[in-house]
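As they're listed, the protein sequences go chains A and B. The first sequence begins at 1 in the UniProt record's numbering and counts up by one. The second sequence begins at 1 in the UniProt record's numbering and counts up by one.
No wet-lab data here; the hints were simulated from the structure. Beta carbons: idealized from backbone N, C-alpha and C, even for Gly. Some hints could be false.
[Unchecked claim] Here are the computed distance ranges between Cβ atoms for each label pair:
1) A:Lys44 / B:Glu588: 55 to 65 Å
2) B:Ser313 / A:Thr105: 54 to 64 Å
3) A:Asn81 / B:Lys89: 25 to 35 Å
4) B:Glu329 / A:Ala40: 18 to 28 Å
5) A:Thr43 / B:Gln280: 20 to 30 Å
6) B:Lys179 / A:Lys44: 30 to 40 Å
7) A:Thr105 / B:Thr216: 19 to 29 Å
8) A:Gly104 / B:Ser313: 48 to 58 Å
9) B:Lys230 / A:Glu168: 28 to 38 Å
10) B:Gln280 / A:Thr105: 36 to 46 Å
11) A:Asn49 / B:Glu361: 34 to 44 Å
[Unchecked claim] Derived pair list, reagent style DMTMM-like, types lysine to aspartate or glutamate, alpha-carbon separation capped at 20 Å:
12) B:Lys217 / B:Glu247
13) A:Lys44 / B:Asp252
14) B:Lys382 / B:Glu400
15) B:Lys230 / A:Glu80
16) A:Lys109 / A:Asp71
17) B:Lys612 / B:Glu592
18) B:Lys230 / A:Asp60
19) A:Lys17 / A:Glu38
20) A:Lys67 / B:Glu181
21) A:Lys44 / B:Glu181
22) B:Lys217 / A:Glu38
23) A:Lys47 / B:Asp290
24) B:Lys230 / A:Glu82
25) B:Lys179 / A:Asp135
26) A:Lys22 / A:Glu35
27) B:Lys217 / A:Glu35
28) A:Lys67 / B:Asp252
29) A:Lys47 / B:Asp252
30) B:Lys612 / B:Glu630
31) B:Lys388 / B:Asp362
32) B:Lys217 / A:Glu82
33) B:Lys217 / B:Glu181
34) B:Lys279 / B:Glu247
[Claimed, not checked] A short, non-exhaustive set of chain A residues, derived as facing chain B with CB atoms under 7 Å:
35) Cys3
36) Val21
37) Asp127
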Amino acid sequence: ELCPTIKNILLLDSEGKRIAVKYYSDDWPTNAAKEAFEKAVFTKTQKTNARTEAEITMFDNYIVVYKFVQDLHFFVTGGENENEIILATVLQGFFDAVGLLLRGTEDKKEALENLDLILLCLDEIVDGGIILETDANVIAGKVDSHSMDAGAPLSEQTITQALATAREHLTRSLLK
Amino acid sequence: MVYVIIKELSPSADEVIIVTSSLMKDMTSKTDMYRANAIRVLCQITDGTLLTQIERYLKQAIVDKNPVVASAALVSGIHLLQTNPEIVKRWSNEVQEAVQSRAALVQFHALALLHQIRQNDRLAVNKLVSSLTRGSVRSPLAQCLLIRYTSQVIRESASNTQTGDRPFYDFLEGCLRHKAEMVIFEAARAITELNGVTSRELTPAITVLQLFLSSTKPVLRFAAIRTLNKVAMTHPIAVTNCNIDMESLISDQNRSIATLAITTLLKTGNESSVDRLMKQITTFMSDIADEFKIVVIEAIRSLCLKFPLKHRSLMNFLSNILREEGGFEYKKAIVDSIVILIRDIPEAKESGLLHLCEFIEDCEFTYLSTQILHFLGIEGPKTSDPSKYIRYIYNRVHLENATVRAGAVSTLAKFGALVDSLKPRIFVLLRRCLFDTDDEVRDRATLYLNTLGADGAVEDMKEFLFGSLDIPLVNLERSLKNYEPSEESFDINSVPKEVKIQPLAEKKAPGKKPTGLGGPPPGPPSTIDAYEKLLSSIPEFANFGKLFKSSAPVELTEAETEYAVNVVKHIFDGHVVFQYNCTNTIPEQLLENVTVIVDASDAEEFAEVASKPLRSLPYDSPGQTFVAFEKPEGVPAVGKFSNMLRFIVKEVDPSTGEADDDGVEDEYQLEELEVVAADYMLKVGVSNFRNAWESMGPDCERVDEYDLGPRENLAEAVNAVINLLGMQPCEGTEVVPSNSRSHTCLLSGLYIGNVKVLVRLQFGIDGPKDVAMKLAVRSEDEAVS
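Please work from the sequences and hints to get the whole structure.
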């Protein structure tokens, strides 16, 4: 109703393919619908230059704010009556947090290697459409402390390893 | 990380009892991050029973010192409110405490949750908003939420009272000076969206938006121009200050911003700037996509209707872009605009028609060509020199495909029929068409040559060839299907003229060819037009003349009765027609031969003239029956009529839907119906009451004082009198501020016989709620006053 809601956050590469996406609304029920939306949004914004400032566009009754860096394209989508500046703040938070987490090398390869961090990041920004946090430092801090429980620096952890350590934790707590 | 994965997998609670128990353990662990995430995950996978178990922990978490934990609990609460509202509502005390928290985002989430819990209780929301607007709100997000809730409160309270200064308006205005841009924008947007906002209230908001227009960030520019666009639709004058900034936005890199700027400028521009705008738009049009172009075209159309003197430059512009590349929708929009301009601005007709002719010379869309040819056929013969257009039309006969050729032949024939001087030359051209390769073209040419060339009743011929078909196509089709080939030929008069079951507003104008480009006329078909069409389609009523006024439907039955009947009163100059809309709500009955017996003994001046029964009324489909009365012409006769519904009822077997063969006659009493003076008054607004009042002159003025007796409040008395007189309140004077002791109300209307009437009412209410009223009437005719 009156609470500002985000419909989805997308991180695409320079060809429009997914790196990390999260949908918070039922407007795109099937995977095909989601991919069609991603393709449409990508083609519409391809020719624009959103590197210095966040850009904004409107289509299909959605407002999309977006920003590009190297070969990464960030998008945040909201409904047509949403406050555009709130969407831009969320975008900025996500953008900067990813920048902090990837430690300066913001390109597709680095993003894919640290996919777990990016997914955690998405989880900490919006929960079910409601904005949790917009400050990039806080977001990055939360993501850091998540992976800290594995007890190893970020770059050496992969998803399977993180899962294994988590499974260990679980079994340990069961046996307690 | 595990938490994320569990959330994605989202198992149901009974499957993963192990996971849930370990999560519950996590909720009480020392590490805050675990607690927060465990809460979020649990709340997503939990169901009602598990929820009661963890409720204690959740309540503690809401008021936890760590903001991350508190936010997690609150956000989960918001989600849980959809599925388990009763449980979440029990937490309202803790949530209330959380609203006072120092952490910025906790306050935001707590505010959101509290509002959702209490949103049905208007008083609670009111209290919440008042306390927070006075207190301090720490995060910009929470401030935005508060602004939205405030607007909601304003909207709901406005329905009861109407004060000069709205409640909370000062709060909104103060937010315009906040630090965070999102708050400023939210406040500005909220102000522009207030109900019935005045220019004084708008000014600070628009100033702020104007500053945003020149920002470096595209997001701000976009947000500002979009809001200004919406405002320009209702208050164009307020936005004119921003014209210069908007003009610089036309060349903005972001095309959405540029299009919005152009459309806003087209709404707020004045006559002098039109030329300048046109020049800028021409360069602009080539850059943007088709859907934007259509938006711009429609804005140009409304601009031209606003400034008819500028039609030449606007028409040139439209025809220029018509020549360029473009899709079908786009060109259709342009052609529609040109047609509307030709229709509404007589001086533009000649140039407009010429532009259209030049367009069809190389138009690639058959549909558009045929539409334009048809339109030429209607408008061309009326111009001063119709022969100009013949060349263009005849060229179509040679150069285009069959559909266009057929259309061109019809148009040529129309010219020939309506303009006698050209007839011989048209015949020569039509004779050449007889050698065409296509059947339809040859048939049409032959038909026209024979009918127009023959001597005899030329008028009938014209009506036959070019008149519109009065019979709805649906009925014609149905009758043709039912017609079996036999000795008798098909009689077109046997096709029922009335449209069977159709809501009044949707009655389409029947015709062999569409009567205008693209079908329906510009603007929504008003109910008056629909009633007129319906009444004129009934032959008995067709010669009553022009319909003066149709009243709103008046219910004649209680809400839940077997037969629901309401009546619409149609007032003509010398007649009154009652249209009874009947609905049968009993599935087991079928009514036939439905009529209304009207007893007019209480209304001496009326004499019943005709009655039109409704042949059949099946279950749940509304039908109409009519009774017409004659009344002395020009005199506003009043009277009471008592009504009784008479019909033959047949039992219907609900499973098969078939009716019995014989039925029983039955009657059903309806309520009485009154024709009052207000029925003879049309509501017509006047924009400047004072001028109109002065120009009427005091000769035809009548003044009187009345005591209206005790009333609830002034607003109720005012409304009652307005309804009694049936006139239109002007300049917003029907709205009475609460608690005021006196009020002046200005009304205007049009009385039967086309007499303008103006009324000034002064009301005063004193102690024991007694209302006194002074009524001053001025009109063009003293008798009416």
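query = Against which earlier hints does the structure fall short, listed by number upward?
reply = 9, 14, 21, 22, 27 and 36
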